[in-house]
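S.K.: Sequence:
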Amino acid sequence: MKSSIRIGSVAMFLIAGILLSSIMGATNYWTSVASAQFPVGSGSWNARVPCSSPWIVRITDITDNKTGSASQTSSSFSPGSPNKRWLTSGATPPGWVSPGPPCTMTGSHGTVAVFVEIDGVKREGIVNEDCTGSYDAINGGTSNGGSYCDSTFNIYDPAVVPNYSISCTSSSDPTCYGRIHSEIDHDWKAAHYCGSSTTCNDMALGSQTTTSTLIDVQGFVYWDPDHLTVQWHSFSGWEIHPLTAWRQHQSNQTPDFSISPSPSSFSVPPGASGTSTITLTSLGSFTGTVTLSPSISPNGPTISVNPSSVTLVAGGSETSKLTVSTQSSTPLGDYTVTVAGNSGSISHSTIVHVSVRLPQSHWCLEAQPTLS
1 MKSSIRIGSV AMFLIAGILL SSIMGATNYW TSVASAQFPV GSGSWNARVP CSSPWIVRIT
61 DITDNKTGSA SQTSSSFSPG SPNKRWLTSG ATPPGWVSPG PPCTMTGSHG TVAVFVEIDG
121 VKREGIVNED CTGSYDAING GTSNGGSYCD STFNIYDPAV VPNYSISCTS SSDPTCYGRI
181 HSEIDHDWKA AHYCGSSTTC NDMALGSQTT TSTLIDVQGF VYWDPDHLTV QWHSFSGWEI
241 HPLTAWRQHQ SNQTPDFSIS PSPSSFSVPP GASGTSTITL TSLGSFTGTV TLSPSISPNG
301 PTISVNPSSV TLVAGGSETS KLTVSTQSST PLGDYTVTVA GNSGSISHST IVHVSVRLPQ
361 SHWCLEAQPT LS
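Numbering (the numbering used here), first residue to last: 1 to 372.
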C-alpha cells in the first residue's frame, strides 16, 4: 500500500485556496500608502522647472532616518525621479525624450513630490567630475558642443550633523541620516539650464558661499543604487540630482511644522495592537504647541496618541506614539487612520493605513495524502 494524493483532493485544495485568497486578500496588503504632509514652497526659483509646488522638507524626511536599501524602502519619497539627468521641456537638444522629469510621482508610498526644497543646510567642498562632450541618451545623446562636468557636493543639516568632518563614520552612525549627495548636472549646464547667470550657477556657489554658509536648495529627489556602501555617499542612494537652484538661506521663512508617520502602514491580527511613531518637526523657526487628534475610518479598532500634544522649539522635533488596538471581534479589513496636528491657524495631517488580518497560518490549507 502506498501514499498518493488523489486528483480530486488536489483540485479541492486549489479551489479552496483561490476562494480563500479572494476573500482574505493577498499577503502584500498595501500597494499605495498615503504619504506625509509637508509645507509647500512658493514655486521653482529656476524658470526652467515647471513645478509650482515644491515640498519643503528636511534631509531626514528623505532618508527616513535610515541608511542602505532600508532607507529607500521606508522613505516617503521612494522611488524618486526616474532619471537624474533628464532635462525639463524647453530649449532641449535634438532627440530629447518628452516629457521630462515629473514634479510628483505615484508609487508604493502614494503620490509624493519629486521636486523639493531644503532650507537651512550647509555644503561641503565642490568637486567637478564626470565630464562629457555628449548629452545623456534621454536628452538625445548628441554632442553638447563642448565639455561639461557635474559639480558634486554633499549638503547636510547642521541640526543633525554638528561636525561634518567626523560624521557618518559607519552605516549605523545616525549623522548619516542628515547628509545627502547633490549634483549640478552636466546636461543641465550644457543646455544652459544651470551655469552662468542661472539659479544653479556652480561657480557662484563656490565663490559666494563657504562650507559655513547656510543655504537653501531646490532639486529633484533621485535614488542611485550604486553607492550604498560608500561613506562619501553617506551609505545611502539618495541624491538631489539635478540640483536646480540655490540661494543663501532666507531666515524669514514662514513658521510652520511638518508631520510624518513611521511606519505609514502595518498589519495586526484581531485582539492585538500596533503602533506608529508620529514625528513633528519645526520649520521656519516655528515654536508652539501642536495638538494631535486621531480619527479612523471605518469604525472598528480603537485609536489613541500619547502624548496628545507636543511643544516644538525652533528647529526641533518631537514625537508621539499612535496606538491602534483591536478586539477579537474587530471586523477584518482595511482601515485608514488620520492624525491631524493643529496649532493656531496652522493645520497639517498625515495618514497611517492599518490592515486587520488573520495570521497567515490561520488560512493556509494543505493537501493530505490518502492511503489506497
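Heads up, a few of these hints could be off.
What the hints assert, rightly or not - Only pairs whose alpha carbons sit at most 20 angstroms apart, straight line, appear in this in silico EDC-like list of lysine to aspartate or glutamate:
1. K122 / D173
2. K66 / D173
3. K122 / D216
It should be emphasised that the hints constitute simulated quantities derived from the structure, not laboratory data.
S.K.: Determine for every hint whether it applies to the structure shown.
M.R.: Hint check results:
1. Of the supplied pair hints, the one linking K122 and D173 holds, its CA atoms being roughly 19 angstroms apart against a limit of 20 angstroms.
2. Of the pairs offered as hints, the one joining K66 and D173 holds, with about 9 angstroms between alpha carbons and a cut-off of 20 angstroms not exceeded.
3. Restraint check for K122 and D216: satisfied, since their Cα atoms lie roughly 9 angstroms apart, inside the 20 angstroms limit.
The structure agrees with every numbered hint stated previously.
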